[in-house]
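Can you build the whole structure from these sequences, using the hints too?
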Amino acid sequence: MTHLTHILKYKVISFVKSTFDLRFVTIARGLGSLMLFGGFAVGAYVLSNEITRFILEQTRTGLYLYHRFISMMLFVFFTAVNLGNIIVSYSTLYKSSEVSYLFTKPVSYSNIFVLKFLDNFLYSSTTLFLVAFTVLLGYGSYFGYPWYFFAGVMLFVLVPFMFLSACFAVLVLMAIMKITSRWGFRRVMGLLFGVYFVFIYLFFKFSNPIELVEEVNRYYPNIDQYLSQMTPGFLSYLPNHWVSEFLFYVARGDLARALPFAGILLGVTFGAFVIVLLVANRFYYLSWLVSLEVQASKSAPYSMMKTSFFDFRNRSVFSPQIEVLLKKEFFSFLREPSQWIHLLVMVILTIIFVMSIGNLNLRLRVTEIQLMTYLVLFGFAGFLSCSLSLRFVFPMISLEGQAFWSVLSAPLDRQKLYLTKFLLGFFIVFVLAELVAIAVNIPFVRLSAGRPLLLYFGMYSAFWISLSIVAINLGFGGYFPSFNEKNPIRVSSTQGATLTFLVSLVYLVTVVAIVILPLTRYLESLFIFRQFNLSSIVQPGTLLAVVSTSLVGFSAYVGLKSLQRDF
Amino acid sequence: MIELRNVTKKFGSFTAVNSLTLQVKAGEFFGFLGPNGAGKTTTIKMMAGLFSPTSGEIVINGHDVVKDHLAAKQTIAYVPDQPFLYDKLTGREFLYFVGGLYKMARGVLHKRIEELIGHFEIGEWVDKRTEDYSQGMRQRITIAAAMIHDPKTLIIDEPMIGLDPRSAKIVRDTLKEQSQKGVSIFMSTHSLPVAEELCDRIGIIKNGKLVFCDTQDKLQVYKQQYDGKFESVFLELTK
Chain A
1320 MTHLTHILKY KVISFVKSTF DLRFVTIARG LGSLMLFGGF AVGAYVLSNE
1370 ITRFILEQTR TGLYLYHRFI SMMLFVFFTA VNLGNIIVSY STLYKSSEVS
1420 YLFTKPVSYS NIFVLKFLDN FLYSSTTLFL VAFTVLLGYG SYFGYPWYFF
1470 AGVMLFVLVP FMFLSACFAV LVLMAIMKIT SRWGFRRVMG LLFGVYFVFI
1520 YLFFKFSNPI ELVEEVNRYY PNIDQYLSQM TPGFLSYLPN HWVSEFLFYV
1570 ARGDLARALP FAGILLGVTF GAFVIVLLVA NRFYYLSWLV SLEVQASKSA
1620 PYSMMKTSFF DFRNRSVFSP QIEVLLKKEF FSFLREPSQW IHLLVMVILT
1670 IIFVMSIGNL NLRLRVTEIQ LMTYLVLFGF AGFLSCSLSL RFVFPMISLE
1720 GQAFWSVLSA PLDRQKLYLT KFLLGFFIVF VLAELVAIAV NIPFVRLSAG
1770 RPLLLYFGMY SAFWISLSIV AINLGFGGYF PSFNEKNPIR VSSTQGATLT
1820 FLVSLVYLVT VVAIVILPLT RYLESLFIFR QFNLSSIVQP GTLLAVVSTS
1870 LVGFSAYVGL KSLQRDF
Chain B
645 MIELRNVTKK FGSFTAVNSL TLQVKAGEFF GFLGPNGAGK TTTIKMMAGL
695 FSPTSGEIVI NGHDVVKDHL AAKQTIAYVP DQPFLYDKLT GREFLYFVGG
745 LYKMARGVLH KRIEELIGHF EIGEWVDKRT EDYSQGMRQR ITIAAAMIHD
795 PKTLIIDEPM IGLDPRSAKI VRDTLKEQSQ KGVSIFMSTH SLPVAEELCD
845 RIGIIKNGKL VFCDTQDKLQ VYKQQYDGKF ESVFLELTK
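Order-wise, the sequence lines are chains A and B.
In terms of the working numbering, the first sequence opens at residue 1320 and continues consecutively.
In terms of the working numbering, the second sequence opens at residue 645 and continues consecutively.
Keep in mind that the hints were calculated from the coordinates and are not lab data.
One or more hints might be untrue.
Just the calculated beta-carbon pair ranges, DEER-fashion [said to hold, decoys possible]:
{"id": "1", "chain 1": "B", "residue 1": "Lys654", "chain 2": "A", "residue 2": "Val1593", "range": "52 to 60 Å"}
{"id": "2", "chain 1": "A", "residue 1": "Ile1671", "chain 2": "B", "residue 2": "Gln779", "range": "17 to 25 Å"}
{"id": "3", "chain 1": "A", "residue 1": "Phe1422", "chain 2": "B", "residue 2": "Arg810", "range": "30 to 38 Å"}
{"id": "4", "chain 1": "B", "residue 1": "Ile805", "chain 2": "A", "residue 2": "Tyr1467", "range": "57 to 65 Å"}
{"id": "5", "chain 1": "B", "residue 1": "Gln726", "chain 2": "A", "residue 2": "Asp1732", "range": "21 to 29 Å"}
Quick list of in silico lysine to aspartate or glutamate cross-link-like pairs, DMTMM-like style, CA-CA up to 25 Å [stated by the list, open to error]:
{"id": "6", "chain 1": "B", "residue 1": "Lys850", "chain 2": "A", "residue 2": "Asp1885"}
{"id": "7", "chain 1": "A", "residue 1": "Lys1414", "chain 2": "A", "residue 2": "Glu1655"}
{"id": "8", "chain 1": "A", "residue 1": "Lys1336", "chain 2": "A", "residue 2": "Asp1885"}
{"id": "9", "chain 1": "B", "residue 1": "Lys772", "chain 2": "A", "residue 2": "Glu1612"}
{"id": "10", "chain 1": "B", "residue 1": "Lys772", "chain 2": "A", "residue 2": "Glu1648"}
{"id": "11", "chain 1": "B", "residue 1": "Lys747", "chain 2": "A", "residue 2": "Asp1732"}
{"id": "12", "chain 1": "B", "residue 1": "Lys873", "chain 2": "B", "residue 2": "Glu672"}
{"id": "13", "chain 1": "B", "residue 1": "Lys772", "chain 2": "A", "residue 2": "Glu1804"}
{"id": "14", "chain 1": "B", "residue 1": "Lys867", "chain 2": "B", "residue 2": "Glu672"}
Backbone N, C-alpha and C fix where the C-beta goes; we use that ideal spot for every residue, glycine too.
Now the structure itself:
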């Protein structure tokens, strides 16, 4: 324990010294960040508050159903934190040079584990804490909760909820490392994918948001009473259910029924942490040795794709410079498991979403309900672009790392380098964004008896959104580089990345504000037969293009300027 | 040919390089020495285009490295003090990568890479990922990559770090060979014997200012004023 506090002390000193740097540039940058964070906090608060008001008052959805939606969102949140932690923990616990260094010192394995586990949890969850807290503020202030409610829920419900997810993540990771020594890395990763896929499938089979939306459409407005009979039994064993039930009973003023759910969550989290410590004490060092073996087994001479397009010895139609840049990006991506695994997970989840949403059967011809459904789906699609870009585009320049000297000292136009990265990022995000845009709009095309206007507008918006979001992430990724960080997930969790994500969200809210009016008019034209002029969609479409182009230009300027800086 | 004219580099209020003026002719081997933090790496990074000078001009082979940086870089090879490579690429892939950046023709590049692999004796591990390389292996790949496009000017920061005796000899011989071929070499080093052995002219920098810049012959004269050792001259000048 003495070791732990000793090392923590120096980590805190290092953090404080690097954070509270009193140079003018740092202070100005800090103030800028603070203003942006503040703006985001206010925005998230207002948004969460208004959504709660809209759902409970305008759509008359009811407390129970609203909390079922919250439960589903929390499940997605829990899974995202869990998967993210598995991937980040691998780097933090097994590939960090700090761990190798500490293992040579007389420090117990469990102390090293706790240190890196907390490091990992706090580092990767700072932004999520902020998001969770501001959303909670907006939600809670609708019900008029006192200040201590927010502090209490944050400390005793949401933080334990995320901590529990992180505990599961390291348990799974240590199990993977243990099994890897017997089964091999690829087989274990395949198994892990299978298990997660089945788990997510089962959850959405028994608690399907699409079904829920369809039931709302079918039984509106008497949905609350009807759906209260539908809760599947197994949901009560999931932590997201405990949190949503806690919030639900607090909202109903029934604290006696709410508190046991918080108690269960706290107890399980504490138990999980104790189990993690016991397992780590027994297996952490052994599994670290396994990770070294996995690394060593990869050091055999490489013969992969020697005859393919990607072989550096072959040439294609591209100029030599573009070609080697593309190949370098390709191999750097493919040979870093945390990159392709994470992309694969996101693509699979997107495909599940696309397949589910494409079959959504909307029946209700009420403008408010369908506007909300559309905006939720539209928001999700935009959020997906933001997340993808933050995770894969933002780190693109940072991942050049210290080897960037080889590119910067070569006779290569930096605009060419920037454009190559931009097009690569844009290609991935654009394809997925268009897929989602089509899927989101298909149910609405059906609802409007085959009129494709909304589909075209959705695809048009997806183009501008993906273009702008990729531009923001690449430009700001260059402005806030972390050349010493090799882990892309950690690059995506830096303060600069958080700011970039917030800027992306602000842009997304702006887009929603641009499309909300024409969308309302269009839905009204369908449901109450009001006249709808094409100009109603051309004007916001033009505005969207102008706003996006300006943002793309500004971001490219920031990114290119940052490439001119001293390296 | 390298020309530095009144080059200054400031980081905030700190002046790392102060009005540095010097010239390295074609085929000349110039050794750049100085204590830690004297401004050697900063000077070299400005020449390689990684830092921009606060004031002054750097002209390499007739091209200004700021205004005409692409043309200047086409003629330069830079070897950094720390041989960082792209971890996920193999050594051979890295060589192809660098060759592509210099727009080398495919056939020429194949041939050149095979030559360099043989010359630097790296065939055994050149197809492994560079993340598994030792410091010396990385250094050899970096120097091989620098030679790939037959540069007119070599800018090298601490080339001998981490090299075993055999590799160090290969690198020394290669540098001598290049110099004899007419390549200008600007080498920063902490190793006084290496500088004495290889360089035609030596410059010593202290606190960003050049405190000594002369030929080997003149250096011999200076040495006699002390105890005949270059180390004593260096310590006195950088005191």
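Next item on the list: Sort out which numbered hints this structure fails and list those numbers smallest first.
Entry: 2
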